[in-house]
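Peer 1: With the hints as extra help, turn the sequences into a complete structure.
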Amino acid sequence: MTAAISVRGLTVRLDGNLIVDGVDLDVAEGEWVTVIGPNGAGKSTALRAIGGLLPHDGEIHWHGTPIARLHRRERAKAIATVMQSPVVPPAMGVYDYVLLGRTPYIPPLGRESASDLAVVDEVLAALDLEPFAGRRLDTLSGGERQRVFLARALTQGAGILLLDEPTSALDIGHQQEVLELVDRLRAERGLTVLATMHDLSTAGEYADRMILLAGGRVVASGTPAEVLTEANLAEHYRVRVRVIDGEHGPLVVAVRGNPNATV
Amino acid sequence: MTDRRVVARPAGLRPAWLVAGVLSVLVAMLLGLAFGSARLPPASVAVEIFNQLPWVRVDSGLSDREVAILIKLRLPRVVLGLLVGAMLALAGAAYQGAFRNPLADPHLLGVAAGAGLGVTAVIVLGAGAATELPVGVPMAAFAGAVIAVGLTWLLGAAGSRDRSPAALILAGVAVSAFLSAAQTYLLQRHVESLQQVYSWLLGRLSTAGWHDVLVILPYVVVTGVIVLAQRRELDVLTVGDAEAASLGLHPQRSRYLLIIAASLGTAAAVSVSGLIGFVGIIVPHTIRLLTGPSYRSLLPLSVLFGAAFLTLTDLLARTVAGDAEIPIGVVTAFLGAPFFVLVMRTMKSMPT
Chain S
1 MTAAISVRGL
11 TVRLDGNLIV
21 DGVDLDVAEG
31 EWVTVIGPNG
41 AGKSTALRAI
51 GGLLPHDGEI
61 HWHGTPIARL
71 HRRERAKAIA
81 TVMQSPVVPP
91 AMGVYDYVLL
101 GRTPYIPPLG
111 RESASDLAVV
121 DEVLAALDLE
131 PFAGRRLDTL
141 SGGERQRVFL
151 ARALTQGAGI
161 LLLDEPTSAL
171 DIGHQQEVLE
181 LVDRLRAERG
191 LTVLATMHDL
201 STAGEYADRM
211 ILLAGGRVVA
221 SGTPAEVLTE
231 ANLAEHYRVR
241 VRVIDGEHGP
251 LVVAVRGNPN
261 ATV
Chain B
1 MTDRRVVARP
11 AGLRPAWLVA
21 GVLSVLVAML
31 LGLAFGSARL
41 PPASVAVEIF
51 NQLPWVRVDS
61 GLSDREVAIL
71 IKLRLPRVVL
81 GLLVGAMLAL
91 AGAAYQGAFR
101 NPLADPHLLG
111 VAAGAGLGVT
121 AVIVLGAGAA
131 TELPVGVPMA
141 AFAGAVIAVG
151 LTWLLGAAGS
161 RDRSPAALIL
171 AGVAVSAFLS
181 AAQTYLLQRH
191 VESLQQVYSW
201 LLGRLSTAGW
211 HDVLVILPYV
221 VVTGVIVLAQ
231 RRELDVLTVG
241 DAEAASLGLH
251 PQRSRYLLII
261 AASLGTAAAV
271 SVSGLIGFVG
281 IIVPHTIRLL
291 TGPSYRSLLP
301 LSVLFGAAFL
311 TLTDLLARTV
321 AGDAEIPIGV
331 VTAFLGAPFF
341 VLVMRTMKSM
351 PT
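Just so you know, the sequences run in chain order S and B. Note that UniProt numbering has the first sequence beginning at 1, numbered continuously upward. Note that UniProt numbering has the second sequence beginning at 1, numbered continuously upward.
Quick caveat, the hints were computed from the structure, so don't treat them as lab data. There may be inaccurate statements among the hints.
[As the list claims (entries may be wrong)] Per the computed footprint, the stretches of chain B lying under chain S, defined by three or more beta-carbons under 8 Å from a beta-carbon of chain S, are:
#, region
1, 9-17
2, 247-261
[As the list claims (entries may be wrong)] Cβ-Cβ distance ranges computed for the label pairs, FRET-style:
#, chain 1, residue 1, chain 2, residue 2, range
3, S, S115, B, P338, 44 to 50 Å
4, S, D138, B, F334, 32 to 38 Å
5, S, T139, B, T286, 54 to 60 Å
6, S, P38, B, P338, 47 to 53 Å
7, B, A43, S, H71, 56 to 62 Å
8, B, A157, S, P38, 56 to 62 Å
9, S, G190, B, R253, 30 to 36 Å
10, S, A125, B, I326, 56 to 62 Å
11, S, D138, B, A324, 44 to 50 Å
12, B, A157, S, H71, 28 to 34 Å
13, S, D138, B, I326, 37 to 43 Å
14, S, S115, B, M344, 52 to 58 Å
15, B, P338, S, D15, 53 to 59 Å
16, B, A16, S, D15, 37 to 43 Å
All residues carry an ideal CB built from backbone N, CA and C; glycine is no exception.
Peer 2: Listed below in structure tokens is the structure:
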């Protein structure tokens, strides 16, 4: 079986600094993989490179095709990215923002077709965003905006969704709401999800597999239970933690004290 | 998909606004042709314009002398005002989108000063022959404009890590000052050209002839086509370069194309009309307030309302003080400076 995304030896330098250093990873079709790691580990940079948005070394394949060989527009139809904190354009309406997701389908100099509008309508309905369609994006709350960002990505019709810290600006209630929504869409639409997240317990509850990055390298990977261990987290986050078995995966709690002492 | 339940309509050019824009151009033309030191009845002017069409013969009731004033003096001036106004407004809107900066304007970016230096250099150093060619002056203006916008861009990026809108404009002010100083130096060394350069600097719509119209027409068409073709790209660029790239665009390529096209349009306008400021701020921002931020409506409406605006401003410039004509750049600055403050005050609510 070919993976939806297959990455080999991904290396990214920004201003001469090595940020991502030889990362290998595979995401199977329909799978949810979450990349975790301390600040500065290279999570976001790796994700942006995989989305084709940064110059990089190494190989990235999309269903067996090197993404470097895809035209920009073809890539945008295959992979949709939701940035960590997307720019909210001044005074733009929600409907127009979501319609931007159809950009790769609209021919140069052409205009949106009826089928483009139909896709937007369908996505707005699926995400319960119809009441907001006529509103300005900059008047929405954080949770509502995150749903709109997701809607914009979904209208791209891409099979792969890259989510960079999709919940970092949200309270725990809205975090769960957004992640449940992604999980439901993944099941309904057969999406493949590759995300970065900071909240380890939440990350572990939704991911099929996790990858722990530190210093730009993969230092652990596997199921949440395999990655979220007290030893792994103590070593790479330099914090004393307690890991408790939860209903949907390990729950991680930071505890004061020397990270090298056992809890 | 006729039974599509309408949730919302996508942004775009509404027919009503297009009609309003065309009407405003026609009204501005008629007023610009009818009023001035010699007053002609607007109805007769409209009839006479029809009469000038090759397959129409109607009697407007105007005397031969009045027809000569209308066709030889006023019409080229009005047409030139339309073209220059359309270019300055379109260039302003294009710069605002390309730089994602609401304050961007051909003058504030130093582009007009660059074009002015280019024209001065040709007049002064030049070769009198070059000024007679239809390409000499506009091309010198274009070279100056592109160098100026490049300098402003580099300075603005080097001077500020956060790329704030103000940094770019401050860089534009510095570049303008530097290029104006270079221009003053050139003039001092060549006092014999002072008269010629100054009459041009203060705005030359007053001496406009059909020659000027023909000189800038090709540049106007090229700029108009390139910028209008990028209207959807400009809407996508408002979400930032990274997002735009993830949506399949080539943001930097679009940006270069827009900046070069807008500079070409500015250079053409400056090379026939001198320095007329603030049109690129006043017109696009007024349209934004009325019809929303989408460049799909903003760009075509900037062409129409920019043309109408400058024609009416020119009318004001040549009638408000009796027979003494005020330079048109003075009128636009009187209107534009307060408007600029208004835009700055609302910038907090429109982070670009």
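Peer 1: If you check each hint against the structure, which ones fail?
Peer 2: 5, 8, 14, 15, 16
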